[in-house]
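Peer 1: UniProt numbering puts the sequence shown at residues 1 to 309.
The hints are simulated quantities; they were obtained by calculation from the structure and are not laboratory data. Cβ coordinates follow ideal geometry from the N, Cα and C atoms, glycine included. Do not take every clue at face value.
Lysine to any residue pairs mimicking SDA-like chemistry, simulated, CA-CA at most 25 angstroms apart [what the hints assert, rightly or not]: (1) LYS245 / ILE221; (2) LYS240 / LEU220; (3) LYS201 / LYS231; (4) LYS231 / MET274; (5) LYS281 / GLN292; (6) LYS148 / ASN137; (7) LYS240 / SER300; (8) LYS245 / LYS216; (9) LYS161 / VAL123; (10) LYS281 / VAL250; (11) LYS223 / ILE303.
Between beta-carbon pairs, the in silico distance windows are [as the list claims (entries may be wrong)]: (12) LYS308 / LYS208: 29 to 39 angstroms; (13) ALA304 / ASP152: 19 to 29 angstroms; (14) VAL125 / LEU220: 36 to 46 angstroms.
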Amino acid sequence: MSASSREAETTTRCDDELDFTEIVGFVTCLYGDFWWLACVLDSFEDKQEFKVSFLHPHGPAPSNFTYPTVPDILRVHRSSILTTVDPLTATGRVYTLTKAETENATRKLFAVKQIYQASQADVSVFDTLGKAPSLSNPHALRWYNHIKSLGDERKKLPGEKKIPSSLGAVANGSPAPAAKDDDDDVDLFGSDEEDDTEAAKVREERLKAYAEKKSKKPALIAKSSIVLDVKPWDDETDMKEMEAKVRTIVMDGLIWGASKLVPVGYGIHKLTIMCVVEDEKVSVDLLVEKIQDFEDFVQSVDIAAFNKI
Numbered sequence: 001m002s003a004s005s006r007e008a009e010t011t012t013r014c015d016d017e018l019d020f021t022e023i024v025g026f027v028t029c030l031y032g033d034f035w036w037l038a039c040v041l042d043s044f045e046d047k048q049e050f051k052v053s054f055l056h057p058h059g060p061a062p063s064n065f066t067y068p069t070v071p072d073i074l075r076v077h078r079s080s081i082l083t084t085v086d087p088l089t090a091t092g093r094v095y096t097l098t099k100a101e102t103e104n105a106t107r108k109l110f111a112v113k114q115i116y117q118a119s120q121a122d123v124s125v126f127d128t129l130g131k132a133p134s135l136s137n138p139h140a141l142r143w144y145n146h147i148k149s150l151g152d153e154r155k156k157l158p159g160e161k162k163i164p165s166s167l168g169a170v171a172n173g174s175p176a177p178a179a180k181d182d183d184d185d186v187d188l189f190g191s192d193e194e195d196d197t198e199a200a201k202v203r204e205e206r207l208k209a210y211a212e213k214k215s216k217k218p219a220l221i222a223k224s225s226i227v228l229d230v231k232p233w234d235d236e237t238d239m240k241e242m243e244a245k246v247r248t249i250v251m252d253g254l255i256w257g258a259s260k261l262v263p264v265g266y267g268i269h270k271l272t273i274m275c276v277v278e279d280e281k282v283s284v285d286l287l288v289e290k291i292q293d294f295e296d297f298v299q300s301v302d303i304a305a306f307n308k309i
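Throw the hints in and build the complete structure from the sequences for me.
Peer 2: Shown next as structure tokens:
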């Protein structure tokens, strides 16, 4: 009987929900790297037939690749769950197992999933590391890249986030030693706790000094450079007097700049004048209205240029 066309998703990420009836297990190949296998199941009588796809994270399978035996397939390796694979590199072979063997493998995989399910413990260690492990630690690097790939989803992982020192082990992997009585030993060089306290004090003092220094710096004032075109009614308007009227406008945050008369036509000139304003203090619309209040001289005011400084 041919294998069913129902095939497991080979690109499923390890933290996604898996269908345990379609994923039998993981296997370690002969070349020191991990291979991921997805299965096609087909039930008939007391047996189940499935196809196993072996996928390598770094390219196609070597030509001399040796397929594992059924016992190898039923052996689940925790580290291999961190492999990301490309379905285009898969090669396959059909195996036949009894339903009892398949159910046993499924139970094993389910139990392992409870262990490898990413949690806040992973996030805590990830945050503490701060950077990726070196290539000399490939499994640690693979774990780091997997946790990093979760992005904002890390906040939603189950469990309680604790500092690594509270997770029950010290750096060498042995249980944390029990606290000793104060009278047992005399520490001639000071305790780590004292060093940590002193370092915390120094850090707080530096942060306080930095905050004070930053507060003394003047705040950046947002300013704009504006060029205004002030147009008269006709060629008989006294342009010098009109400019003098405009410059009588005084506002907090307003500085008048250079000006010139630009010919418009038919003997008429317009006044082009620059000014710098503080954005928070000066309303450009209000400034234009004040200029237009000189209605005996001013016909209209246009903003020729407006640039942030």
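Peer 1: Does LYS281 pair with GLN292 here, judged by a C-alpha cut-off of 25 angstroms?
Peer 2: 20 angstroms, holds
Peer 1: Are LYS231 and MET274 close enough, with their CA atoms no more than 25 angstroms apart?
Peer 2: The hint holds at about 14 angstroms.
Peer 1: Sort out whether VAL123 lies within 25 angstroms of LYS161, counting only the CA atoms.
Peer 2: 7 angstroms, holds
Peer 1: Can the restraint linking LYS148 and ASN137 be considered satisfied, given a maximum Cα separation of 25 angstroms?
Peer 2: Holds, at about 16 angstroms.
Peer 1: For the pair we were handed, LYS281 and VAL250, check the Cα-Cα distance against 25 angstroms.
Peer 2: At roughly 12 angstroms apart (the allowed maximum being 25 angstroms), VAL250 and LYS281 satisfy the hint.
Peer 1: Is it true that ALA304 and ASP152 lie within 19 to 29 angstroms of each other by Cβ?
Peer 2: Given a distance of about 48 angstroms, which is not inside 19 to 29 angstroms, the answer is violated.
Peer 1: Is LYS223 close enough to ILE303, meaning Cα to Cα at most 25 angstroms?
Peer 2: Holds, at about 16 angstroms.
Peer 1: Can the restraint linking LYS245 and LYS216 be considered satisfied, given a maximum Cα separation of 25 angstroms?
Peer 2: It is violated: about 40 angstroms lies between the C-alpha atoms, which goes past 25 angstroms.
Peer 1: For a C-alpha distance cap of 25 angstroms, please report whether LYS245 and ILE221 respect it.
Peer 2: Violated, because 28 angstroms separates the two Cα atoms, which is more than 25 angstroms.
Peer 1: Evaluate the given range 29 to 39 angstroms for the C-beta pair formed by LYS308 and LYS208.
Peer 2: 34 angstroms, holds
Peer 1: Would the hint linking LYS240 and LEU220 be met if the CA-CA limit is 25 angstroms?
Peer 2: Not satisfied, since the Cα-Cα distance of roughly 36 angstroms exceeds 25 angstroms.
Peer 1: When you take the CB atoms of VAL125 and LEU220, is the distance between them in 36 to 46 angstroms?
Peer 2: 41 angstroms, holds
Consistency with the previously given hints fails for numbers 1, 2, 3, 8, 13, ordered from lowest to highest.
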